[in-house]
Each structure stands twice: as structure tokens, then as C-alpha cells.
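K.L.:
Top to bottom, those sequences are chains A and B.
Each step along the first sequence adds one to the number in the working numbering, with nothing skipped, and position 72 is 72.
Each step along the second sequence adds one to the number in the working numbering, with nothing skipped, and position 94 is 94.
Certain hints may be false.
Taking CB as the label site, the calculated pair distances span [unchecked claim]:
no.	chain 1	residue 1	chain 2	residue 2	range
1	B	Q14	A	S67	29 to 37 angstroms
2	A	D73	B	S39	41 to 49 angstroms
3	B	G16	A	L111	40 to 48 angstroms
4	B	S58	A	T5	22 to 30 angstroms
5	A	P83	B	R41	44 to 52 angstroms
6	B	G16	A	N65	19 to 27 angstroms
7	A	G16	B	P8	35 to 43 angstroms
8	A	G51	B	A82	32 to 40 angstroms
9	B	S58	A	G95	27 to 35 angstroms
10	B	T64	A	T20	36 to 44 angstroms
11	A	V50	B	E53	21 to 29 angstroms
12	B	R41	A	D26	26 to 34 angstroms
13	B	G16	A	S84	26 to 34 angstroms
Treat the hints as calculated values from the structure; they're not laboratory data.
Computed from a predicted model, the values in this text were never measured in an experiment.
Even for Gly, the Cβ is constructed at its ideal location relative to N, Cα and C.
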Amino acid sequence: NAGVTQTPKFQVLKTGQSMTLQCAQDMNHEYMSWYRQDPGMGLRLIHYSVGAGITDQGEVPNGYNVSRSTTEDFPLRLLSAAPSQTSVYFCASSGAAGELFFGEGSRLTVL
Amino acid sequence: SQQGEEDPQALSIQEGENATMNCSYKTSINNLQWYRQNSGRGLVHLILIRSNEREKHSGRLRVTLDTSKKSSSLLITASRAADTASYFCATDEAYNFNKFYFGSGTKLNVKP
């Protein structure tokens with residue numbers, strides 16, 4: 001039972017490059033979300049989705065795009081990376097009980 | 001922002017002692033959750049308490065919720081070295097249970 005799987009685990013980008021962080025869950029959860037974690041600031045919600053075809057913005061959505069074409073996958077796209085996007089990114093999913101299941105994180109450095 | 005605030009930011013205790021950490025939030029909620037994060041890992045769900053509940057237990061964990069003060073506390077009894085981790089509270093919003101807000105966490109160190 002894999003749970004929530006994030007790839008890649010580590011990535012280094014140059015300013016202006018684009019990339020996609022992948023997130024997949026095998027628990028048939030309708031709700032999925034992306035967070036970033038910066039030192040001393042806890043987790044901040046970037047985008048979330050309550051089902052296939054439905055996405056909405058969180059606290060810090062600027063610079064990020066998402067889409068939800070299937071229940072299982074929720075990729076996060078950085079269109080033009082900036083040093084301020086250096087962070088650890090977590091994907092999470094949730095079922096009817098409301099508890100979040102997190103992936104192991106993707107560590108992104110933008111030079 | 002709804003983001004919660006944990007207190008203290010760091011806590012160091014001896015094995016066997018109890019650890020108490022607090023969380024305050026700003027607006028009405030449906031539920032409040034506590035999570036643990038071991039260094040460099042993803043967060044793990046510990047316990048969920050709904051807005052109409054005042055206290056909840058799970059093993060060595062005891063959570064209280066005071067909605068009038070917009071605060072919650074997490075008590076870990078008889079702590080172990082393996083409890084060393086960061087602990088976060090997470091809240092939703094009363095009118096949008098799809099948005100979760102996390103505090104900045106309490107870093108707990110349990111010395112053997």
C-alpha cells in the first residue's frame with residue numbers, strides 16, 4: 001500500500017526554468033492538496049482539489065499551476081522558477097474522515 | 001490568515017516526563033488536528049478533534065479543545081525518546097473545511 005507518492009525527491013533548478021512535481025495516491029481520496037514548508041513558517045497551502053476537474057487556490061498560489069484530470073494524480077507545475085520557490089513541497093490527500101495523508105516531500109532548490 | 005500558532009516553539013524534556021504543547025487559531029473551525037513530523041519526513045496524523053468535542057484520547061495522547069478561547073493543547077504522557085519530533089496543529093475554516101492551515105510547530109526533544 002503506497003499511500004501518497006511524490007516525485008522527484010530532490011530537484012535543483014535555475015531561475016526561469018519550469019518543472020512539474022508529481023503526486024499520486026492509491027487510496028481513492030477525492031481531496032488532494034499541495035503545501036510548501038519553509039524553515040520556521042510551518043506548512044502553507046498552495047492549491048487543493050476536491051475531485052477530478054476541480055481545483056482551487058490556497059494561501060500562496062502565485063507562481064504555481066495545478067490540474068486534476070484523474071482521482072489519483074495531482075501534479076504541481078512551476079512555470080518560471082524563482083529563488084523564492086526554494087522550499088520543501090508536500091502533497092497530501094484526504095478521505096471522508098478528514099485526516100491528511102502526506103507524501104515524503106520534494107526538496108526543491110532554485111538557483 | 002487562519003494559520004495557527006503553536007507554543008512553545010521548542011521543548012526539551014527527560015524521558016518519562018509529560019510534554020504539553022498548545023495551539024491557538026483565529027477563526028471558527030469544524031475540526032482541529034495534530035500531526036507529527038520526524039526530521040526530513042512527511043507529516044503523520046495523530047488525532048482529530050471536532051469543534052463539538054472538548055477532549056479526546058488516543059493511547060498516550062490527550063487533546064483538549066476550547067472553542068471559546070480558540071485554543072487546543074496536546075499532552076503526551078510518559079514521553080519516550082522516539083517521541084522526538086516536531087508537532088503541528090492544523091485547522092480548517094467553519095465555512096470551508098477543504099482548506100487546512102498549519103501552525104509553525106513545536107519542536108520536542110526527549111532526552112533518554
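K.L.:
It remains to establish, for every hint, whether it holds in the given structure.
P.N.:
Verification of the supplied hints:
{"no.": "1", "hint": "B:Q14 - A:S67: 29 to 37 angstroms", "result": "violated, 50 angstroms"}
{"no.": "2", "hint": "A:D73 - B:S39: 41 to 49 angstroms", "result": "violated, 28 angstroms"}
{"no.": "3", "hint": "B:G16 - A:L111: 40 to 48 angstroms", "result": "holds, 46 angstroms"}
{"no.": "4", "hint": "B:S58 - A:T5: 22 to 30 angstroms", "result": "holds, 27 angstroms"}
{"no.": "5", "hint": "A:P83 - B:R41: 44 to 52 angstroms", "result": "violated, 25 angstroms"}
{"no.": "6", "hint": "B:G16 - A:N65: 19 to 27 angstroms", "result": "violated, 49 angstroms"}
{"no.": "7", "hint": "A:G16 - B:P8: 35 to 43 angstroms", "result": "holds, 41 angstroms"}
{"no.": "8", "hint": "A:G51 - B:A82: 32 to 40 angstroms", "result": "holds, 37 angstroms"}
{"no.": "9", "hint": "B:S58 - A:G95: 27 to 35 angstroms", "result": "violated, 18 angstroms"}
{"no.": "10", "hint": "B:T64 - A:T20: 36 to 44 angstroms", "result": "holds, 42 angstroms"}
{"no.": "11", "hint": "A:V50 - B:E53: 21 to 29 angstroms", "result": "holds, 25 angstroms"}
{"no.": "12", "hint": "B:R41 - A:D26: 26 to 34 angstroms", "result": "violated, 19 angstroms"}
{"no.": "13", "hint": "B:G16 - A:S84: 26 to 34 angstroms", "result": "violated, 44 angstroms"}
Against the hints set out earlier in the document, violations occur for numbers 1, 2, 5, 6, 9, 12, 13.
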